[in-house]
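Throw the hints in and build the complete structure from the sequences for me.
As you go down the protein sequences, you meet chains A and B in turn.
FYI, our numbering numbers position 123 of the first sequence as 123, with every residue one higher than the one before it.
FYI, our numbering numbers position 132 of the second sequence as 132, with every residue one higher than the one before it.
If you're looking for bench data, these hints aren't it; they were derived computationally from the structure.
A hint or two may mislead.
Any copy, or any two copies together, can satisfy a pair, since identical chains are not distinguished.
Simulated crosslink set (PhoX-like; lysine-lysine; CA at most 20 Å straight-line) [as the list claims (entries may be wrong)]: (1) K150 / K47; (2) K119 / K150; (3) K121 / K47.
2 protein chains.
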Amino acid sequence: MSDPVMHLQRTLLADIPLARAMQLTVESFDGESLALAAPLAPNVNDKGCAFGGSLASLMTLAGWGLPRLALDAVGMEAEIYVQDSTIRYLAPVWHDFRVIARVAEGESLAAFVAALRDKGKARLRVDCRVPLPDGGDAATFEARFVALAKH
Amino acid sequence: MSDPVMHLQRTLLADIPLARAMQLTVESFDGESLALAAPLAPNVNDKGCAFGGSLASLMTLAGWGLPRLALDAVGMEAEIYVQDSTIRYLAPVWHDFRVIARVAEGESLAAFVAALRDKGKARLRVDCRVPLPDGGDAATFEARFVALAKH
Numbered sequence: 001m002s003d004p005v006m007h008l009q010r011t012l013l014a015d016i017p018l019a020r021a022m023q024l025t026v027e028s029f030d031g032e033s034l035a036l037a038a039p040l041a042p043n044v045n046d047k048g049c050a051f052g053g054s055l056a057s058l059m060t061l062a063g064w065g066l067p068r069l070a071l072d073a074v075g076m077e078a079e080i081y082v083q084d085s086t087i088r089y090l091a092p093v094w095h096d097f098r099v100i101a102r103v104a105e106g107e108s109l110a111a112f113v114a115a116l117r118d119k120g121k122a123r124l125r126v127d128c129r130v131p132l133p134d135g136g137d138a139a140t141f142e143a144r145f146v147a148l149a150k151h
Numbered sequence: 001m002s003d004p005v006m007h008l009q010r011t012l013l014a015d016i017p018l019a020r021a022m023q024l025t026v027e028s029f030d031g032e033s034l035a036l037a038a039p040l041a042p043n044v045n046d047k048g049c050a051f052g053g054s055l056a057s058l059m060t061l062a063g064w065g066l067p068r069l070a071l072d073a074v075g076m077e078a079e080i081y082v083q084d085s086t087i088r089y090l091a092p093v094w095h096d097f098r099v100i101a102r103v104a105e106g107e108s109l110a111a112f113v114a115a116l117r118d119k120g121k122a123r124l125r126v127d128c129r130v131p132l133p134d135g136g137d138a139a140t141f142e143a144r145f146v147a148l149a150k151h
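Now the structure itself:
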């Protein structure tokens with residue numbers, strides 16, 4: 001694991017009890033997409049598949065982690081909040097799962113960082129997906145995050 | 001607590017590990033609205049307020065509980081899935097919180113139960129809110145659930 005990935009995982013597990021309960025791990029970050037993972041067992045529902053709230057939580061954390069890593073990379077501090085999210089649950093998840101977050105079409109992490117530096121406030125739209133083992137998505141997530149620079 | 005409320009709480013805590021981790025309680029059900037609650041401590045984020053994923057999870061469970069209780073009341077069995085949800089996070093939550101779920105405008109639990117009985121499948125739109133102590137909402141949630149009768 002790279003240092004930023006290890007640092008993000010440590011931060012999420014230290015600060016967010018629900019991330020510990022979900023047994024979240026940060027898998028990878030390539031500068032554009034961030035992958036988080038969780039085992040099924042602590043995230044199961046009454047039907048034996050993944051609980052919608054666990055998928056929502058992991059996608060929210062992946063979406064939040066993307067601007068966080070971009071700011072860490074340039075040494076900027078900010079509070080990042082989720083503003084809104086829309087989730088579509090397309091298929092049940094019967095296995096350990098991962099979520100992959102990317103910046104939405106038409107936006108960039110560079111533009112987000114520049115806006116935060118200029119104005120002390122910036123917004124970022126993020127898309128996430130929960131890939132199925134045989135292709136396709138078990139769930140999709142579209143969300144907006146806002147960052148406020150710390151003074 | 002009434003029997004259906006006690007039964008729902010027992011079921012959620014028994015079947016969903018994340019509900020236990022969140023220390024969820026079922027507060028009340030009056031036939032139209034269902035209230036769930038959770039303490040802040042196990043649901044906190046890096047900023048010390050309620051984690052968005054915890055709010056999303058509790059609202060998803062409240063929305064799911066509404067058709068569940070309506071079917072329990074008439075002795076019908078069905079699997080209930082969340083199909084999609086949209087959440088708006090309007091204000092941070094710095095305290096223990098509750099969520100209140102209601103059937104969306106223009107729909108009813110009675111019509112939902114009748115549709116499931118007739119067709120073996122039924123949909124229900126649900127609205128939830130996280131009330132703030134001084135009035136207003138910390139978050140709102142609109143979702144669709146689908147129920148499939150068990151044969």
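How the hints compare with the structure:
Taking the shortest alpha-carbon separations for K150 and K47, only the inter-copy value of 12 Å comes in at or below 20 Å, while the best intra-copy value is 44 Å. Taking the shortest alpha-carbon separations for K119 and K150, only the intra-copy value of 12 Å comes in at or below 20 Å, while the best inter-copy value is 55 Å. For a Cα distance limit of 20 Å, the shortest separation of K121 from K47 across copies, 17 Å, qualifies, whereas the shortest one inside one copy, 42 Å, does not.
Hint check: no violations occur; every hint is consistent with the structure.
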